[in-house]
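J.: Take these sequences, add in the hints, and give me the full structure.
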Amino acid sequence: MTAQIAERIIVGGKNISLYTNPLSLYLRQNKISFESPNTANWRGYIGTWEIIESGGVERLYLVELSAHKTYLEIVGIPEVFPGFEKVFAHWFTGELRLPQGNMLKYVHGGYASTYEYDLLIQVKQGVVLERTVRKNERPPQTEHEKYLSLLDNDDA
Amino acid sequence: MMPKLSSDTLSFWGFAWWIWLIAYILPGFFYVSYHLLKEYRDRPSQFARDMLDAIGRKRSFRDVLEDLLVYTIASICFLIAWPGFAVWAFFKKREDAALEIENSKPDFNCAPQYLTSLVEPHDAEVVSYVIDPLGYVPSLPFGHLNAAWGIFLSEMMDPADELWSFHIPKGSKCGRHGFAASSDIRGFAHVRSGEIVGEFITESD
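Taken in order, these protein sequences are the chains called A and B. If you use my numbering, the first sequence closes out at 157, no skipped numbers anywhere. If you use my numbering, the second sequence closes out at 207, no skipped numbers anywhere.
Since the hints were made in silico from the structure, they are not lab data. None of the values given here were measured: they were computed from a predicted structure. Some hints here could point you the wrong way.
[Said to hold, decoys possible] Distance windows between CB atoms, simulated:
1. B:I78 <-> A:K32: 47 to 57 Å
2. A:T3 <-> B:I24: 57 to 67 Å
3. B:S156 <-> A:G14: 42 to 52 Å
4. B:Y73 <-> A:R29: 47 to 57 Å
For every residue, glycine included, the Cβ atom is placed at its ideal position computed from N, Cα and C.
T.: This is the structure:
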């Protein structure tokens with residue numbers, strides 16, 4: 002499986018990668034699926050999320066959506082959530098993972114690559130509870146990777 | 003009945019031993035013949051063989067001899083032990099059919115141990131309204147999940163159907179494959195005769 006295009010999230014005015022798919026439960030519950038335009042986007046959409054503070058409470062909102070209804074036809078929030086321009090993700094409970102810094106290890110699948118840091122945002126029913134930062138170490142090489150690097154050195 | 007022994011042949015119930023041997027081997031022989039013919043019919047086309055030749059994968063005489071040896075040994079084994087293979091095939095087919103039935107069942111996150119309480123649909127709706135000061139959620143039970151809730155309820159037509167709330171704590175095993183839940187999962191389960199036949203998840207990651 003190919004590494005997947007990340008969702009986007011606006012935090013502190015910055016638009017950064019989000020390695021979590023908060024929309025997946027909504028789509029599954031409503032039996033909505035999109036067409037994959039390429040192997041780097043099996044889910045068929047890219048959502049842009051934003052954490053908006055109101056009354057001292059931060060909440061997670063979907064603010065933009067680019068979803069492939071077909072390979073050529075792209076739909077947005079109004080088509081998926083009729084009558085809304087933004088969507089409060091009240092169904093989402095879990096952890097948002099925002100990779101930060103340099104990539105320590107690329108993994109050719111999903112969101113499995115490792116970065117220097119992960120900004121982790123805990124969310125309960127769409128409401129932000131806490132933020133933490135996790136410092137990651139470079140994962141040890143697997144036997145297969147050691148073999149491949151050996152081949153590379155031989156080629157050099 | 004004891005076999006009748008004679009000077010030139012051993013006979014059972016009036017038939018020579020070799021007739022019994024042929025009768026035993028015949029079903030296996032037909033099965034092996036059928037599969038050998040099928041293998042021959044499905045052999046690589048001339049084009050495929052030319053392509054393999056072109057990339058240096060031409061079959062050597064040794065490859066042909068190896069294939070001949072393998073097919074001969076396999077055929078002899080089958081001719082001798084075909085009843086054993088037939089019994090194995092019978093049980094394998096039954097096992098595959100049972101597995102297919104199991105795989106065709108819907109895969110729910112919820113399991114009986116996560117059911118918390120029996121609820122009425124109306125009571126579930128009353129406490130399900132979502133508050134958003136910015137107004138980006140409909141004023142309907144379960145907010146944006148209202149349509150999915152409607153579909154879920156529409157499948158609960160049997161008077162014996164029950165609605166249960168459930169909670170799967172983070173890290174608990176869930177689903178057919180028993181994967182650990184990556185977040186708390188809450189929702190409602192459609193229970194019929196003690197079996198979970200549907201689920202509606204209200205919060206998860």
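J.: Now, for every hint given, state plainly whether the structure supports it.
T.: The hints, checked one at a time:
At roughly 55 Å, the beta-carbon separation of B:I78 and A:K32 lies within the given 47 to 57 Å, and the hint holds. Between A:T3 and B:I24 the CB atoms are about 59 Å apart, so this pair conforms to the stated range of 57 to 67 Å. For the hinted restraint 42 to 52 Å between B:S156 and A:G14, the CB-CB distance of approximately 44 Å keeps it satisfied. The hinted window of 47 to 57 Å between B:Y73 and A:R29 holds, with their beta carbons roughly 49 Å apart.
The structure is consistent with each of the numbered hints, conforming to all of them.
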